[in-house]
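J.: Chain by chain, the residues run as shown.
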Amino acid sequence: MSRSNTEADGNHSVDSDHRLIIDGINTFYGDSHVLFDVSLSVDDGEIVALVGRNGVGKTTTIRSIMGLTPPRSGTIRKDGDEITGLEPHKIRARGISWVPEERRVFGGLTVHENLRLAAHSASEDQSDRFEAIYERFERLDERRKQKAGTLSGGEQQMLAIARSLLGPETDVLLLDEPSEGLAPQIVEDVKDIIRELNDDGVTILLVEQNAEMALGLAERAYVLEKGRVVHRSDANELLTDRSAMEEYLGVH
Amino acid sequence: MIESILRATLLGLQLGVTFALVAAGLTLIFGMMDVINFAHGALYMLGGYFGYTIATQFGSFWAALVLAPIIVGVLGAAMEKFTLRPLYGRNPLYHILLTYGLAVMIQGVVLEVWGASSQQIPRPGQFTGSITVGPVTYPTYWLFVLVVSTVILTVIWYAIENSNLGILMRASAHDTEMVNALGIDVSKVFTGVFVFGAALAALAGVLLGATRSVNPGMGAGIIIEAFVIVVIGGLGSFKGAVYAALLIGLVTAYGALVAPTLTELFLFVLMAVVLLVRPSGLFGATEAA
Chain V
53 MSRSNTEADG
63 NHSVDSDHRL
73 IIDGINTFYG
83 DSHVLFDVSL
93 SVDDGEIVAL
103 VGRNGVGKTT
113 TIRSIMGLTP
123 PRSGTIRKDG
133 DEITGLEPHK
143 IRARGISWVP
153 EERRVFGGLT
163 VHENLRLAAH
173 SASEDQSDRF
183 EAIYERFERL
193 DERRKQKAGT
203 LSGGEQQMLA
213 IARSLLGPET
223 DVLLLDEPSE
233 GLAPQIVEDV
243 KDIIRELNDD
253 GVTILLVEQN
263 AEMALGLAER
273 AYVLEKGRVV
283 HRSDANELLT
293 DRSAMEEYLG
303 VH
Chain S
225 MIESILRATL
235 LGLQLGVTFA
245 LVAAGLTLIF
255 GMMDVINFAH
265 GALYMLGGYF
275 GYTIATQFGS
285 FWAALVLAPI
295 IVGVLGAAME
305 KFTLRPLYGR
315 NPLYHILLTY
325 GLAVMIQGVV
335 LEVWGASSQQ
345 IPRPGQFTGS
355 ITVGPVTYPT
365 YWLFVLVVST
375 VILTVIWYAI
385 ENSNLGILMR
395 ASAHDTEMVN
405 ALGIDVSKVF
415 TGVFVFGAAL
425 AALAGVLLGA
435 TRSVNPGMGA
445 GIIIEAFVIV
455 VIGGLGSFKG
465 AVYAALLIGL
475 VTAYGALVAP
485 TLTELFLFVL
495 MAVVLLVRPS
505 GLFGATEAA
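So the protein lines, in turn, are chains V and S. Our numbering runs 52 ahead of the 1-based position in the first sequence. Our numbering runs 224 ahead of the 1-based position in the second sequence.
Okay, chain V solo, but in the shape it has when bound (with noise of 0.2 Å):
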């Protein structure tokens, strides 16, 4: 690690604080090896960023985290309790969500169907919380019987979004690339979003390309490349670091 920040390395800590605690994770795919030894936390109602440069396993460690691509050692906690290892459904149910990258709403569902489908693993009736969902995605409200195929890009991320509110209570949310492919005016009613979310108390970790916007709305940062945590650091400090910025993401 060539940078460290003042505050604690939270990664061996039991500290309450840590909604999530990556310890050491390595994940592979088949036999490629693509995260060595990551670790990071998110704190109770932080939002998080973690950026580097394309290909570096930002994805990877969202899908580790999620179960999709479970880390071969290492461990992952979410509010104390190990989910290394289990399967995506379960870890779900504990409240971590997921929007994926490139969105992967269901195209040939309508806009009310995808919301169905992620409402059915809830054990509670959630129709109020559909209608609080409309409330806040209008362009969805509007859309509720079109095919989500038909959407335009920043409408598919809303419907992206607006799908992993529903079902089990989501304290932690997973938002992978939220603005890629979005234009500049898009990517403002995304942050929008994400900051209104996170002032209901949804704890965010932030994958992003686009590191400005990203560290715009993050307390924190980490820096991945080739597979390794290489920096972390206050969001601001990292965003004011002009040496760090070109160096780990290549903005001048």
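Careful: at least some of the hints might be erroneous.
Stated by the list, open to error - Chain V is faced by these chain S residues, among others (derived, beta-carbon under 10 Å):
hint	residue
1	L392
2	A395
3	V403
4	I408
Derived by calculation from the structure, the hints in this document are not laboratory data. Keep in mind that this is a model prediction, so the values were computed, not measured. Note that CB positions come from ideal geometry on N, CA and C, so glycine has one too.
Chain V is already provided as a structure; the job is to place chain S on it using the hints.
T.: What follows is chain S alone, placed relative to chain V:
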């Protein structure tokens, strides 16, 4: 002339709806699990044989119609859980080898238990006669098969379009990983769909076992028709399977009228033509989910 065309039409529709019952399971299983199930025809055959034994031992066609699909459904559950499940996500060749092996095994067991000769399930007393409409005389049993199968297919169709389970099935055919990450235990859904598909195939085995015959080659025979249907309809699409099954049923019936020895050829020509015009089938991947 008119008479034989009308008669062939009804035969074709009757065959079509039963083919749809067989193909429905095959296409749903492929859509959700990406498994090409060569043993599906063997499950259809088991339906026919269990139906035959129940109908002749207990003297009740109705008991056969209800019990045979249940027994085959249970066998299907065991097959999915113990043999297919460990292979999900692997190269599809593994599924082909496994299910082909299972089909051969089941056929061996059938030969051992029931012998090589052809049997027929006795038709229920109410439907042994025939009915004359205008110039044509139909066996009433054909009408019974047509009605029962149509009702079942309609219910499934409605459920797939409207129920939570239907939404779940369509979504899983599209992106299983995403469904799992939304908190849904897809492996349970897989078992459910497999059992359902097996039971439908068995039901078709009983229904057709009383018009065609019950024999050790029936599984290998129907699997060809069923695959042609699934490919024409579009892999994974229930809607497509129903339309394609009706098409294949009619082609089979009319083909038998014109050139009985060439019906199988007609099926493949039809499949080739559809694939040339629409490479992903009538309702294939272009229409997501």
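J.: Now look at each hint and say whether the structure bears it out.
T.: Evaluated hints:
For L392/S, the interface hint holds, since its Cβ comes within 10 Å of a Cβ in chain V; the closest pair sits about 6 Å apart. At about 5 Å, the closest approach between the beta carbon of A395/S and any beta carbon in chain V falls short of 10 Å, and the interface hint on this residue holds. Because the closest C-beta pair between V403/S and chain V is about 7 Å apart, less than 10 Å, the hint holds. The interface hint given for I408/S is met, as the beta carbon of that residue sits about 5 Å from the closest beta carbon of chain V, less than 10 Å.
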